[in-house]
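Trainee: These are the residues of each chain, in order.
Protein chains: 2
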Amino acid sequence: MKRLTALDMGFILLERRNQPLHVAYLNLLRPPANAPPDFAKTLVARLRSYASPLPPFNQRLEHRLGKGFWVEDPEFDIEQHVIHLALPRPGTMQQLLSMVSRMHASHLDRAYPLWRTYIVEGLEGGLIATYSKVHHAVADGVAGTRLTLRSMSTNPTDILPPPWAVPPQGRRERSGGLLATPVEGVVKLASRFGGAFEHVPSVFNELRQSRRERLEGNLDYVAGNGAPASILNQPISASRRYLARSYPLARIKAASRTLGCTANDIMLAMCSHALRRYLIDLGELPKQPLIAGVPMSTRRDRSDVGNQISFLLANLGTHLADPAERLRVIRASVEHSKRRFASMKPGAILGYAAVQMAPGLLSMLFAPKRGGLAFNLVVSNVPGPRSPLYWQGCAVEGMFPVSVLADGMALNITASSRADALDFGILACRRTLPRVDALMDYLGDGLEEIERLARLTIAIGKPVELAVAVDD
Amino acid sequence: MKRLTALDMGFILLERRNQPLHVAYLNLLRPPANAPPDFAKTLVARLRSYASPLPPFNQRLEHRLGKGFWVEDPEFDIEQHVIHLALPRPGTMQQLLSMVSRMHASHLDRAYPLWRTYIVEGLEGGLIATYSKVHHAVADGVAGTRLTLRSMSTNPTDILPPPWAVPPQGRRERSGGLLATPVEGVVKLASRFGGAFEHVPSVFNELRQSRRERLEGNLDYVAGNGAPASILNQPISASRRYLARSYPLARIKAASRTLGCTANDIMLAMCSHALRRYLIDLGELPKQPLIAGVPMSTRRDRSDVGNQISFLLANLGTHLADPAERLRVIRASVEHSKRRFASMKPGAILGYAAVQMAPGLLSMLFAPKRGGLAFNLVVSNVPGPRSPLYWQGCAVEGMFPVSVLADGMALNITASSRADALDFGILACRRTLPRVDALMDYLGDGLEEIERLARLTIAIGKPVELAVAVDD
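Read top to bottom, the protein sequences are chains A and B.
At position 25 of the first sequence the residue is numbered 25 (the numbering used here), and the sequence of numbers has no breaks.
One gets the numbering used here by counting positions in the second sequence from 1 and adding 472 to each.
In case anyone wonders, no lab produced these hints; they're calculated from the structure.
Be a bit skeptical, because a hint or two may be false.
To be verified - When the alpha-carbon atoms are kept at most 20 angstroms apart in a straight line, the in silico EDC-like pairs for lysine to aspartate or glutamate are as follows:
1. K513(B) with E124(A)
2. K253(A) with E448(A)
3. K253(A) with E451(A)
4. K474(B) with E551(B)
5. K41(A) with E544(B)
6. K41(A) with E79(A)
Construct the entire structure; sequences and hints are all you get.
Mentor: Pasting the structure below:
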């Protein structure tokens, strides 16, 4: 029995009918060439044979004297957690995405451990999909990714235990549970909330600073501009639309090399192009640029990821028609943000944890009270595996993150890198954002636009003017 | 725009995370012999072509100044309401029931009109299933049945519009909407709640009377005994188990004729046997008999069903091992209840409406405050079609009601008659009631037990002693 941290309890208490607070992955899997027709059925049976999960997957929420505790479920029932589904023929990607949209909209039952994995057969081309959700109070996207990756292998014939049966690994995890470090960090953070604002960590100070600068008329064009009102920032329904598509990492990296910016800048530029076109289609493009809240790794080595990640406010330059201008604005705002955060040390881990673990919480804390928008949407880029991976003997052909929406933030764009691909997942409120399917197409158009810019750079033999007057 | 009645608003306000308040039907359909392989797909496309539904199916809930209104949805989107699913192979009934259990546990999105129909392909033997849910605030089981039946035909080649496109029929429906009469009745009822108890209608007086008799030591053995504490009366989870099976109406009718009781008595005896065995298995059989709340038609002709139906408290005699004794107790308690209600006139319509429309509401109003149980579960027997019917060219081979659970009432048994079958639907809290699948088998055993009793009656040439000292 373990008392819920303040943050975890927050995720329980902040959950709403129209705002479920679970995160998920949609994975696409290619069964081995010699797979029998009942491969999916056998897979489900094998997964269900791991019927005694390890913490936190065997724990459910109990309330005692008004406090929340994680308590081992004495009647753990694997059939509640591993579900076998099928798509109707022909089993298109669109049918799968509709199914995932519905699944992501439905709440986990709090009487059970707060996770569920669906295995979906019947996709065109013989693929299998898994949709795995876990409540934000149990694990965050990062921990989820870590667990998922540890159940995968670079060896096609390696069949490792599924995430809920992966034994703890490493000292930190053993010492305090899988999620100890970030959770502890955020607990400290959360425990300070409601107290003096002087004590909140740098990531929140940054947001507060941005707002103050705006209020005082110090319109720092790069990051302190504040976010305009937009169609994205409205009350949300309980229904979702989920879109997923992979783009080749090689294209993105090539463009970033040519243009002298990061892959993350390119990703933001793709989002910017897509959002601009989408909002123009709807006649809803704000005159001011959209601001994205971007959790970003700033680590320089491969050591622990827990303490060199921060949260940036990126000006997406959606008010600018010229793609070179837009990329320049994005890059400048990101650089500006990075400089501000460069020296972040003890606060950084809190920022990392708060943001990477809790995009939903963050969005809610800074949710649009009329006129007080810090950012319009969360755009996230999660580092994933660098080699091709296999899961249960299947080649992993997609690892699409399915994130969280908060009331007042009707759109989330999260990408996850995987070997040679960047897997985009777009989550939108089904009701608030009409014809959102176009956004995914426009991401691709955005990449093409960037590539034209890169070709132009090569053709004229010098970089298109992207430099900004920054001093590092 | 129409203001929600007090009752409808009640269903909105009383809905909880673990207590969704929608009702549903699971229908089994046999496609025509010459149906092409993509029959289900074509069916879904045809159903979606009815994309402009009539009220109430085109209305969604809006809140204005703290009040609820039904407002036409200007962006009605049929794809939100008609969903195409498939079962994984082999497509057993058990797989279908697991799927329905999950679907029934998930809430309707209040940003949209509160109904949804799923078409499920991939059942063994080429069957198709539909699972159609509607929020209790929009329609009750009776209205739902009526609408469903009006979209069906006795003619296999008749393709009628689906329920959401069936035009209003008849004066009453035209004058005040499909549900006008029962709703109006219950509004009067609801508007009296919280006021003087003298004014509540007879069905509630009856429940109150039963309780008073018990409290005053007047232990009227037939109906005033109060319900014992039981495993059925516990807090519920948000997860469900749904079971469905058909039993031949001919067997039930034959037994009832031989034994000189009604088909409803036989149905209750089946439930009694099943509950007794199930509770014995669990070591949870209460010493006192379980009491069922039974909505029951008392009409003597085929006129409007709206004013001769009442709510009975049936003593299920689960404490008795002897099936003849048990049937006698059931029959006696039902007769006792019927006599009490016989003269019910203006109140009856209210009782009918409150109960038939609102088993969930009733359960909640009389939910188990420790020691104050009026009944342990709702057992309902809904009259359905008397002839074989077809829907969208398919023979209807099952119309299984999927009812509502209220916190504190973890089990519901509802049966619906259909031509030559009685379709049982059992809805249980997945968490509270372990191994509940046995209940459905035990229903069949209960029928066999009754049939043995009937054979005994014939063999010994006179009725087994079922008479009770009642004066009618």
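Trainee: Among all the numbered hints in the text so far, which are the ones the structure does not match?
Mentor: 4, 5
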